[in-house]
Amino acid sequence: MQPVANAKTNQSPRQILFVDDEPDFLQLCKDTFGMLSSGTWVIHCANSAQVALDLLKRQNMDLAVVDMNMPLLDGIQFLNLLGKRYPNLKKVTLTAFATEEKRSQCLANGAELVIEKPRTPDGFKSVFAMLDDLVSWTPQQGFQGMLRRVGLPDVIQMECLGRNSSVLEIRYEQVHGRIFIEDGSIIHAYGDGLTGEPALQRLLALPGGSFELSPFTQPPERSIEGQWESLLMEAARVRDEGAAAITEANAAKGATSTMLSARVVETLICSGQGEPLFNNNCADVNARVEHLKRIAAQAAELAKLLPLGNFDRLEMQFADGRAVGQARTDRLVFVRTLHEPATP
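Residue 230 in our numbering is what sits at position 230 of the sequence shown, and the numbering runs on without skipping anything.
Please note that the accuracy of each hint is not assured.
The following label-pair restraints were derived from C-beta to C-beta distances [unchecked claim]: (1) Glu101 with Gln227: 35 to 43 Å; (2) Met233 with Met35: 23 to 31 Å; (3) Gln59 with Ser271: 25 to 33 Å; (4) Pro153 with Asp183: 12 to 20 Å; (5) Gln174 with Pro121: 52 to 60 Å; (6) Arg222 with Glu112: 22 to 30 Å.
Note that these hints are calculated values from the structure, not bench results.
Bear in mind the structure is a predicted one, so any value in this text is a computation, not a measurement.
Yeah, the Cβ is synthetic: ideal placement off N, Cα and C, and Gly gets one too.
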């Protein structure tokens, strides 16, 4: 029987994926749920995680029903992988041995339901009713488009490990950028006025936002080279150093009047050669880089004159704030804060 649109909802047939290493159970699900759905479900079967991933590349699915106990990659690991790769896919775990511990693990890894495998015709009817209700449910207006909490580095790692080709589009407030991945290699990125590796680091340092994984298209240029592992590690280092610099600047408010607080108004992080890696409200990057290089040169001269160790940091006090410059061989950092009346 050919699948037809649901006459009640005027919707196309739902695409349902069953993943189980038992061929007999898969065939039973295909026959039974196909009959119960009266053609409103198109049922796809996969006897391994790899087969399921191949199906997902070719067909958008509305629901994945995953066996908990599978060889090589168990159901809980597979749920986690699906959550990172397909954050909007609804997922259900079927298991013959449901314990509270396993149930909690499945729910924590993105399963909407954890259901015991049916053994009787009535059991199949009950499971079908639950799955059909779940797959037909649509979020209320205002919640559409919300993504699960998935780390952007995790998604990039998954794409690169799978040697996939795709485009990640990232949005956060006024920042809009893209990361291009071809055959498992990061080849280009742009966003927030930056391109190449600085853009990749800027996008990976965003504190939130949303992303969308799209089919690969050729970028306007190839601005990034190198192994993706090294690129992600460098981005993590730059992000951590930026956070540490801001924390240091915020700590300076303890040295000011107890009636004042400090607000970070400018942050610039560069490589040791002066290449901007992170820029927040720095109007003249070149001037700041030259300032930081002068600090490095003067620090080197002071180190020769006084046997007190390396000088790599300069703190400056102004009438309305404070600035900290740090110059090392591998990084240049500048953070400026303004004093403001503390909130009561």
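Structure-based check of each hint:
no. : hint                           : in the structure
1   : Glu101 with Gln227: 35 to 43 Å : holds (38 Å)
2   : Met233 with Met35: 23 to 31 Å  : violated (52 Å)
3   : Gln59 with Ser271: 25 to 33 Å  : violated (44 Å)
4   : Pro153 with Asp183: 12 to 20 Å : holds (19 Å)
5   : Gln174 with Pro121: 52 to 60 Å : holds (57 Å)
6   : Arg222 with Glu112: 22 to 30 Å : violated (40 Å)
The structure fails to meet hints 2, 3 and 6 from the earlier list, while all remaining hints are met.
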